[in-house]
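In the order they appear, the protein sequences are chains A and B.
Under numbering that gives the first Met the number 0, the first residue of the first sequence carries the number 0, and numbering increases by one thereafter.
Under numbering that gives the first Met the number 0, the first residue of the second sequence carries the number 0, and numbering increases by one thereafter.
Some hints here could point you the wrong way.
Okay, derived cross-link-like pairs now, DSS-like style, lysine-lysine, Cα gap no bigger than 25 angstroms in a straight line [what the hints assert, rightly or not]: (1) B:102 <-> A:27; (2) A:131 <-> B:102; (3) B:102 <-> B:80; (4) B:52 <-> B:12; (5) A:131 <-> A:100; (6) A:177 <-> B:102; (7) B:52 <-> B:39; (8) A:219 <-> A:142; (9) B:52 <-> B:102; (10) A:131 <-> A:88; (11) B:17 <-> B:102; (12) B:80 <-> B:58; (13) A:100 <-> B:58; (14) B:17 <-> B:39; (15) B:80 <-> A:100; (16) A:131 <-> A:142; (17) B:52 <-> B:80; (18) B:80 <-> B:12; (19) B:52 <-> A:27; (20) B:17 <-> B:58; (21) B:58 <-> B:104; (22) B:12 <-> B:39; (23) B:80 <-> A:177; (24) A:100 <-> B:102; (25) A:177 <-> A:27; (26) B:58 <-> B:102; (27) B:39 <-> B:104; (28) B:52 <-> B:17; (29) A:142 <-> B:102; (30) A:142 <-> B:104.
If you want a taste of the chain A side facing chain B, the calculated C-beta under 10 angstroms gives, among others [unchecked claim]: (31) 55; (32) 58; (33) 59; (34) 62; (35) 75; (36) 152; (37) 156; (38) 205; (39) 208.
These are calculated hints, taken from the structure and not from any lab test.
From a predicted model like this one, the values you see are computed outputs, not experimental measurements.
Built from N, CA and C at the ideal position, the CB exists for glycine as well.
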Amino acid sequence: MSSVSQTFMKLFRGSSGPDSIPAQSPQKLTRRSSGLGELSRTWESSENLCILDLGSTSPTNIRHFTGRGHRIYSEDLLTASTDPELATKDEQGAAILDSRKFLADNLVYPAAHFDAILCWNLPDYLDESLVKPVVGRLWSVLKPGGMLLAFFHTRDAGPDSPCHRFHIVGADTLEMQKIELRREARRGSNSSAASDGFQLQRVFNNRHIENLFRDFASIKFFLARDNVREVLVVR
Amino acid sequence: MSTTASGLAQIGKSVVIKGELSGSEDLYVDGQVDGSIALKGHSLTVGPNGQVKGSVDSKTVVVQGQLNGNIQASDRVDLRKSATVTGDIAAQRISIEEGAYLKGKVDIQRTDAK
Chain A
0 MSSVSQTFMK LFRGSSGPDS IPAQSPQKLT RRSSGLGELS RTWESSENLC ILDLGSTSPT
60 NIRHFTGRGH RIYSEDLLTA STDPELATKD EQGAAILDSR KFLADNLVYP AAHFDAILCW
120 NLPDYLDESL VKPVVGRLWS VLKPGGMLLA FFHTRDAGPD SPCHRFHIVG ADTLEMQKIE
180 LRREARRGSN SSAASDGFQL QRVFNNRHIE NLFRDFASIK FFLARDNVRE VLVVR
Chain B
0 MSTTASGLAQ IGKSVVIKGE LSGSEDLYVD GQVDGSIALK GHSLTVGPNG QVKGSVDSKT
60 VVVQGQLNGN IQASDRVDLR KSATVTGDIA AQRISIEEGA YLKGKVDIQR TDAK
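In isolation and in its complexed conformation, chain A is listed as follows:
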């Protein structure tokens, strides 16, 4: 089973192995986000909101929300999806991740609990077998009328687009930092993953995105200059 896990995780993370060059100190880039700007109006005008951040733990985001009197939940789903115990095979023998086990360990919240969910670029980098189940769970934990922000690369971004974490530094401004998987080593998986980044799993077109969020009440697209579509959906 361990060899299946290792093969699968290698596919999932790309081809770099233990000899890869350790990641450089991540640089931070700043970008404007129209989707964030629209979402910001919610948390600037309301109090005591419940917000779920699905990116890597960001002290900046935690400070941003707690400073405004909101409650923030932090859950790094991408890192959680690298748990080798999730690796399994489907009926055809193809390597997949066990979405049932994943959702038993993650995103465990009461129904309609959150006012806003920051999904960032999670769907682009999450394993195919987890994407729909995760979006289904996000729908159920989001309050009716609650909003979810997600980013999707366009085809022009290319297959090697690095996975970033996002820090909110202004009402419509984000700081992006390339993700290092340093934490993963602490979570018990193989140490070679520590220097690997996440690999873009697919490129969704607009129809795919609409299908992915078909259970939501509305969807709004914002096309950014950096080959990223921002999507703001309302339950």
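Chain A is fixed; fit chain B onto it per the hints.
Okay, now just chain B, sitting in the frame of chain A:
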């Protein structure tokens, strides 16, 4: 459990404790504690080798190692860059270093100034 020259109670990295811990002095945990820790009005530090599985209730909590449980601090919580925390945090102030891992809720409880 030992006490340092500064009067800080210390659980060394080879020590494993199963059960509830409570006290009225500052505590440094660099070993393993499976159970809740209550140090009302005092500080708890989970050292880099420390592993705590259980809820924590104290004045200040500093985490450098692993903590699996909810944290209730009457003053502040400090998550250092090597910290791995799975659980909800309720405190008046929180400081999280870049690189710390948190899976859970952060709830800042403000004292009414009125």
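For this structure, which hints from the list above don't hold up? When the structure is compared with the hints, numbers 13, 15, 19, 36, 37, 38 and 39 turn out to be violated.
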